[in-house]
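Visitor: According to the numbering used here, the sequence shown holds residues 3 to 188 in order.
Honestly, the hints are just simulated from the structure, not real lab data. Treat the hints with care, since some could be wrong.
Claimed, not checked - Computed cross-link-like contacts, DMTMM-like style, restricted to lysine to aspartate or glutamate with a CA-CA straight-line distance of at most 20 Å: (1) K149 x E185; (2) K150 x E172; (3) K20 x E48; (4) K20 x E37; (5) K181 x E145.
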Amino acid sequence: HQLQLTEEEAARREELSKQQEVLSRQYEEALRAFEKAKLRDSQEAERMQLRVEALQRELEERAARLEDLHGHQLRGQLQLMEVPDASARFFAPQMLEVVPQVEPGVFFHTDGIGFFDSNVKGAFERQLRRDGHLQSGRSYTLELTGKKLWINGEKQPEEVYEKYRRIYEEATGVDLSKKSRIEIAQ
């Protein structure tokens, strides 16, 4: 009976994780649409802001349920699956403001408050997890310039640099220039 319960828990955990991934994608799409709408039409931006906030609340609820499930069921055990750090995806609504004075490719981190596109950060973090550079509960650093990439202080090979450069360019729609410098410390 215990094995069946564990299989049911694993299936439920997997289902919640899939739902969270779908909501994350919807949230990221809504966020991109919001930023575009904001430039075109303030009424559309308000509508998109409401959608982003609703998706954010739903993601937070799913993440809390998933964390609850992990906390109760997997305490003291190895986790069977990696759950993305949902808190990294959520910023206060004022963090969604566009900073038009900032040159493309330049972002700042000040006292833990990042003025960084959450889509880019999320894309980097997903790839860092896949590549084994990011583990749950551990901090990391990423520095991407127009020429090189350092992860956790280690210079990365050219092919790894190219992969992360493409992630940046696809997430932002902006080509990385030779003078660009992106730093993330989590």
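Visitor: State for each hint whether it applies.
Guide: Hints and how they fare:
With a C-alpha separation of about 14 Å, the suggested pairing of K149 with E185 holds against the 20 Å cut-off. A distance of roughly 18 Å separates the Cα atoms of K150 and E172; the hinted pair therefore holds under the 20 Å criterion. Pair hint K20 plus E48 does not hold up; C-alpha atoms about 29 Å apart against a cutoff of 20 Å. With a CA separation close to 26 Å, the supplied pair K20 and E37 exceeds the 20 Å bound.
Taking the CA atoms of K181 and E145, the gap is about 13 Å. The hint holds against a cut of 20 Å.
The structure is inconsistent with the numbered hints 3 and 4, although it conforms to all the rest.
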